[in-house]
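Hey, can you piece these two chains together into the complex? The hints should help.
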Amino acid sequence: MSPRPKRLRKISNPPVISGFKPYGGKSTDIGKDTVFLEYEEYEAIRLCDFERLNQFEASHIMNVSRPTLTRIYSKARGKMAEALVLGKQLVIEGGKIYFDSEWYSCKSCSCFFNNPDKEVEPEECPLCKSKDISICEDFEYEEEESFPDNIDLCVCPVCGYEKPHSLGTPCRKEICPECQHHLIRKESQHYKNPMNESSNNKYRKQHGQ
Amino acid sequence: MKAAITSTGNSMDSKMDKRFGRCAYFVIYDTESDGFEFIPNTGKHTPEGAGPAAAQLVAARGVNKVISGEFGIKIKSLLDRLNIQMIVLKETEKTINQIVEMLNHK
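Chains W and H are the protein sequences, given in the same order. According to our numbering, numbering within the first sequence proceeds without interruption in unit steps and concludes at 214. According to our numbering, numbering within the second sequence proceeds without interruption in unit steps and concludes at 118.
Think of the hints as simulated: they come from the structure by calculation, not from any bench. From a predicted model like this one, the values you see are computed outputs, not experimental measurements. The C-beta atom is built at its ideal place from N, Cα and C for all residues, glycine as well. It cannot be assumed that every hint is accurate.
Computed Cβ-Cβ distance ranges for the label pairs, DEER-style [to be verified]:
no. : chain 1 : residue 1 : chain 2 : residue 2 : range
1   : W       : K26       : H       : M13       : 31 to 37 Å
2   : W       : K80       : H       : S45       : 47 to 53 Å
3   : H       : E103      : W       : E98       : 17 to 23 Å
4   : W       : R76       : H       : N22       : 50 to 56 Å
5   : W       : E107      : H       : E103      : 20 to 26 Å
6   : H       : K102      : W       : S23       : 37 to 43 Å
Subject to a maximum C-alpha distance of 20 Å in a straight line, what follows is the list of computed PhoX-like cross-link-like pairs (lysine-lysine) [stated by the list, open to error]:
no. : chain 1 : residue 1 : chain 2 : residue 2
7   : H       : K86       : W       : K15
8   : W       : K168      : W       : K191
9   : W       : K134      : H       : K102
So here's chain H without its partners, still in its complex pose (with noise of 0.2 Å):
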């Protein structure tokens, strides 16, 4: 299963953005393999239509959750639709490491 976290840098340590159309880097992990893949968001700086091509990537690379602070209105439906679960996290402290350790159950 692969879940997509928004973070603001490339690093493990590097905290979770709490934006997700407008986050700095998608982090995708694969629970099975644990592997791991930064994306710089390309769709950055974008006047409008940020949050649904953002969408549009983590959707194309399979993966079944987001993890971000915050999801704007054009994506809920949209995601719904894709069958992707919305994972909204309100502390936005946590660093990329310690989202993955909870995924992990550890």
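Chain W with its partners taken away, still in its complex shape (with noise of 0.2 Å):
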């Protein structure tokens, strides 16, 4: 049985610096090892050591649960001790994590707008300079009813099967009805230069044409 995936821990602004390096020490070996803090960590003990929060808001703030967090943190802890006892260098990378940031909307214009500077809560709409603004919850790119004009297709490139672009999906994330090919943008190259494409190519073996 494959274990569970680890959910997405969320971070708010990425370190200022990407490590540290060791000086000093008598041994040329200093500074050799390498301990990979990861960004989930450097987050845990940005939030409990710096923010001095608790490890039940820290986990809230990091959208993972209490226990979770005081897991990353004591991994945290533990990197750190040893980076700082044993003279490593220590280089923050990695983790399974995303950065956000809260989303706002302006009634006066009607817009969406996010807060790029986290720390600071905005006030007024960076476009229209109106203070009528509002934080939303779950901001989601709500799909558009209609784009008339709106003239990208997704095409299948077995079966030829044609629909309308989803903004903000990547046609290879559509599948061909059809087919249960991966779809491809219609006014790509891939699509116009059929044979000079390997994939395309490939496809064509597969499909013994």
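Below is the structure:
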């Protein structure tokens, strides 16, 4: 049985540096080994030790459960101690994370905007300077009702099935209902010159065309 | 401060393009010098990865804001990491001139 997939951890800001190097020490081996601190571990340290939040609050900010946050945090402490005691380099990278910022909506010009400067609350709309803004929970890119002049089409390279392209979804993620193939963009070079494309040659061989 | 607006054409009267990665042109507007720059979107017809390529294109110009009708799933996290503000305008009938006027708060 495969383990449950890890939940994506939410990171509010990337760290300002990408790691630490030790200095001093008599041995030449100092700093040769590296400890990799993951982004999520960095974020746990930042929330718990720098922002002085408790673990429950920190777990909500990172969108994981409280026990998971505790596990991430203790791993982070262990790695930092290892780097400190053994004189290892500390590199901050990796981890199953995503960066996120809050989304706001403006009532006067009916636009949505996000706040890249996560520490400071925005007070006005960046477009029209109206103060009539509100935070929107769970901002999602709603599907637009219709795009009359949307001429983009996703097309199946095998059977030629076409559908209008839906914004925000890569064509490759769409599956042809006729022959279960990944769709591609109609005006793309892959579709225009199928003979020159190795990927399309592959399709042809598979389907004996 | 610089803002990038996605445009369907290369004049000030053209409408905003509601797509980010596959728009026809980017208008880079500098609010301080009041200067404009129209950049054709070279990645418009690529089969995939048009969004990230476009994000790099505008990030290389040093913009702080991007105004468009829609942002794809690949772009959101990328622009978040680059600290570029995304502004989603649902009124897609606005022209570049009107958006620039809004930015100047006239």
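Results of checking the hints against the structure:
| no. | hint | verdict |
| --- | --- | --- |
| 1 | W/K26 x H/M13: 31 to 37 Å | 35 Å, holds |
| 2 | W/K80 x H/S45: 47 to 53 Å | 49 Å, holds |
| 3 | H/E103 x W/E98: 17 to 23 Å | 41 Å, violated |
| 4 | W/R76 x H/N22: 50 to 56 Å | 54 Å, holds |
| 5 | W/E107 x H/E103: 20 to 26 Å | 22 Å, holds |
| 6 | H/K102 x W/S23: 37 to 43 Å | 38 Å, holds |
| 7 | H/K86 x W/K15 | 16 Å, holds |
| 8 | W/K168 x W/K191 | 10 Å, holds |
| 9 | W/K134 x H/K102 | 17 Å, holds |
The structure fails hint 3 only (numbered hints given earlier).
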